[in-house]
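Listed below, chain by chain, are the residues.
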Amino acid sequence: MSLEWASAESFKSNRCFVSTVLPPSAISLPVRLYPLGDAAVVLEFGNDISAATHRAIAAFSARLLRQPFAGLREVVPAFTTLTVYYDPWLASGNGQHLPYERVAAQLRELLQVSEKAEAAEETEIVEIPVCYGGAFGPDLAFVAQHTGLSPAAVIALHTAPEYLVHMIGFAPGFPYLGGLDARLATPRRPQPRPLVPAGTVGIAGPQTGIYSLPTPGGWQLIGRTPLALFDAGWKQPSRLRAGQKLRFVAISEAEFTEIQPPQP
Amino acid sequence: MSLHILRPGLLTTVQDLGRYGYQQHGIIVSGAMDALALRVANLLVGNAETAAGLEITLLGPRIFFETDHLIALTGAHLSPTLNGQPVGRNRAVWVAAGAELAFGPAVAGCRVYLAVAGGVAVPLVLGSRATYLRAGFGGLDGRALRAGDVLPVGEPLPLGTRLTQSLASPGRAWVQARFTPDPTLCPTPRPAPIIRAVPGPEYAQFSAASQRAFWREPFAITPAADRMGYRLQGPKLERPAATELLSSAVTLGTVQVPAGGQPIVLLADHQTTGGYPRLAQVISADFSALAQARPGQQLRFEEVALDEAQALYLAQERQLLALRRGIDAICRTA
Numbered sequence: 001m002s003l004e005w006a007s008a009e010s011f012k013s014n015r016c017f018v019s020t021v022l023p024p025s026a027i028s029l030p031v032r033l034y035p036l037g038d039a040a041v042v043l044e045f046g047n048d049i050s051a052a053t054h055r056a057i058a059a060f061s062a063r064l065l066r067q068p069f070a071g072l073r074e075v076v077p078a079f080t081t082l083t084v085y086y087d088p089w090l091a092s093g094n095g096q097h098l099p100y101e102r103v104a105a106q107l108r109e110l111l112q113v114s115e116k117a118e119a120a121e122e123t124e125i126v127e128i129p130v131c132y133g134g135a136f137g138p139d140l141a142f143v144a145q146h147t148g149l150s151p152a153a154v155i156a157l158h159t160a161p162e163y164l165v166h167m168i169g170f171a172p173g174f175p176y177l178g179g180l181d182a183r184l185a186t187p188r189r190p191q192p193r194p195l196v197p198a199g200t201v202g203i204a205g206p207q208t209g210i211y212s213l214p215t216p217g218g219w220q221l222i223g224r225t226p227l228a229l230f231d232a233g234w235k236q237p238s239r240l241r242a243g244q245k246l247r248f249v250a251i252s253e254a255e256f257t258e259i260q261p262p263q264p
Numbered sequence: 001m002s003l004h005i006l007r008p009g010l011l012t013t014v015q016d017l018g019r020y021g022y023q024q025h026g027i028i029v030s031g032a033m034d035a036l037a038l039r040v041a042n043l044l045v046g047n048a049e050t051a052a053g054l055e056i057t058l059l060g061p062r063i064f065f066e067t068d069h070l071i072a073l074t075g076a077h078l079s080p081t082l083n084g085q086p087v088g089r090n091r092a093v094w095v096a097a098g099a100e101l102a103f104g105p106a107v108a109g110c111r112v113y114l115a116v117a118g119g120v121a122v123p124l125v126l127g128s129r130a131t132y133l134r135a136g137f138g139g140l141d142g143r144a145l146r147a148g149d150v151l152p153v154g155e156p157l158p159l160g161t162r163l164t165q166s167l168a169s170p171g172r173a174w175v176q177a178r179f180t181p182d183p184t185l186c187p188t189p190r191p192a193p194i195i196r197a198v199p200g201p202e203y204a205q206f207s208a209a210s211q212r213a214f215w216r217e218p219f220a221i222t223p224a225a226d227r228m229g230y231r232l233q234g235p236k237l238e239r240p241a242a243t244e245l246l247s248s249a250v251t252l253g254t255v256q257v258p259a260g261g262q263p264i265v266l267l268a269d270h271q272t273t274g275g276y277p278r279l280a281q282v283i284s285a286d287f288s289a290l291a292q293a294r295p296g297q298q299l300r301f302e303e304v305a306l307d308e309a310q311a312l313y314l315a316q317e318r319q320l321l322a323l324r325r326g327i328d329a330i331c332r333t334a
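Order-wise, the sequence lines are chains A and B. First residue of the first sequence: 1, per the working numbering; consecutive thereafter. First residue of the second sequence: 1, per the working numbering; consecutive thereafter.
Hints in this document: simulated from the structure, not taken from any laboratory. Be aware that one or more of the hints could be misleading.
[To be verified] Rough simulated footprint, nothing fancy, chain B against chain A, three-plus residues with beta-carbon under 8 Å:
1. 30 to 38
2. 85 to 96
3. 135 to 147
4. 150 to 164
5. 191 to 201
6. 231 to 239
7. 245 to 257
[Claimed, not checked] Simulated restraints, written as ranges between beta carbons of each label pair:
8. A70(A) / G171(B): 27 to 33 Å
9. A250(A) / G104(B): 56 to 62 Å
10. P187(A) / R190(B): 50 to 56 Å
Don't be surprised by glycine CBs; every beta carbon is placed ideally from N, CA and C.
Whenever a hint applies, use it, and build me the whole structure from the sequences.
What follows is the structure, encoded as structure tokens:
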């Protein structure tokens with residue numbers, strides 16, 4: 001027995017749409033807000049990679065997650081920005097307001113509340129072994145040529161600093177690191193490679209990072225670590241986390257093949 | 001209660017509406033490319049909109065139903081058949097045990113969504129059943145379906161059970177409902193869609209000529225088009241300053257332009273952050289049309305203001321709300 005369902009006519013939506021313009025916020029903090037499409041807003045805390053910007057983003061991110069607004073989906077911290085994703089329907093008060101203006105107003109309000117950064121400083125330094133050059137780092141020669149350094153000097157400068165993990169992004173467990181020696185800055189490739197192997201260490205402009213999974217990628221590839229950075233089966237699926245400190249240690253190809261990835 | 005995969009098709013994966021809350025650990029959202037189509041399919045079989053279904057790409061699978069099921073097919077038109085007979089799209093279909101679902105020529109669009117009352121009951125990983133192919137988790141063992149796979153189906157909600165009872169016809173192989181949603185919720189995908197977008201954060205850094213060309217000229221979807229994004233080919237888009245940007249969040253629908261000048265539009269399996277300039281951002285109301293565009297086809301971008309983008313999205317949500325209420329009403333009177 002087949003049922004005759006009601007006609008589509010009876011489900012036509014209620015077309016009334018209420019648009020409200022919220023008054024501009026009176027505050028003028030050095031944080032710039034702008035939309036990323038119709039379901040996200042970007043908060044820009046500065047223009048340069050710095051530990052202070054990192055702490056401000058971490059603190060505001062924690063505050064927002066403690067006091068979420070209606071419709072907040074998630075936040076994505078980056079070097080100088082915090083991107084706030086929201087469900088536009090819930091953030092609109094179920095269709096009563098335009099969501100962006102509403103979300104931006106709530107974020108500006110929360111930004112006004114001054115609060116001391118409570119992020120604890122990390123003291124432990126994670127060591128990441130890297131085999132530089134050769135098949136593992138096909139762009140080492142290009143980086144050397146671009147920077148006017150020898151490949152050995154590139155490796156020496158890359159293994160010298162203590163890096164700060166600013167964020168995990170691009171792929172699961174992929175760390176974006178602050179602290180690259182300015183002499184090593186090299187632009188991305190004009191076209192990304194279709195597949196970069198997991199563990200590959202790259203440079204993109206003033207940043208360095210490690211590909212955690214085989215993905216397409218446009219960074220200049222200078223070496224590879226034998227350590228796995230991500231496993232969905234680990235209790236903490238990412239080996240690294242934002243706020244940690246890290247150093248690269250140069251290893252030979254023989255050492256690379258010897259290392260068994262330990263489970264953190 | 002299970003679906004038996006006889007042939008997998010080109011790329012068939014378990015998807016729901018995505019895995020939210022883990023992008024800060026680099027774990028992508030994934031989920032249905034055409035979320036609207038999956039939501040409509042779920043509503044038609046009395047599921048929660050968030051239930052997992054199958055995303056079927058261009059070449060459909062063959063699926064055997066061991067027990068009776070209530071299903072719905074939305075999205076692309078890939079000539080679906082049950083036991084060799086054409087079956088309606090965008091409506092609930094009661095399928096008797098022993099029936100076989102297959103697909104034929106790709107008439108329109110790229111991706112079909114198959115919802116089944118009760119949902120595909122693979123385990124939740126980090127709060128979602130979506131398949132994350134590159135990382136190899138979620139869905140069925142983190143991979144595309146293969147011949148011989150058996151997918152568990154959950155217990156239908158009371159609404160799904162009532163819908164099933166209203167259509168079930170012992171002795172017949174399958175019965176389809178007459179009711180279909182408002183066409184705005186299940187449009188037939190167009191071959192050369194116009195995709196609306198708002199200017200992106202780095203829009204002003206592109207040359208005036210490139211800005212004009214982006215909105216005026218058609219772009220071809222190259223074969224390098226997958227769940228992560230579509231590489232497009234069209235007029236070269238120039239950003240005179242060409243300064244390196246710090247990586248920041250990118251999202252579904254972000255149009256980014258590497259230095260080569262050919263844009264990439266990011267889709268459901270997009271990376272969480274990226275450093276290419278973001279020329280434009282496709283509006284949420286047009287994600288469905290974008291996800292249904294095929295490699296080899298052309299598309300054009302049309303500029304809209306943020307307010308219009310928001311109004312269009314809210315209007316789409318109201319339509320879905322009306323559909324949900326309508327189906328509830330049917331069940332109350334049935």
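inquiry  = Let me make sure I understand: some of the numbered hints might not hold for this structure. Which ones are they, in numerical order?
reply    = Hint check: 3, 4, 7, 8, 10 fail, others pass.
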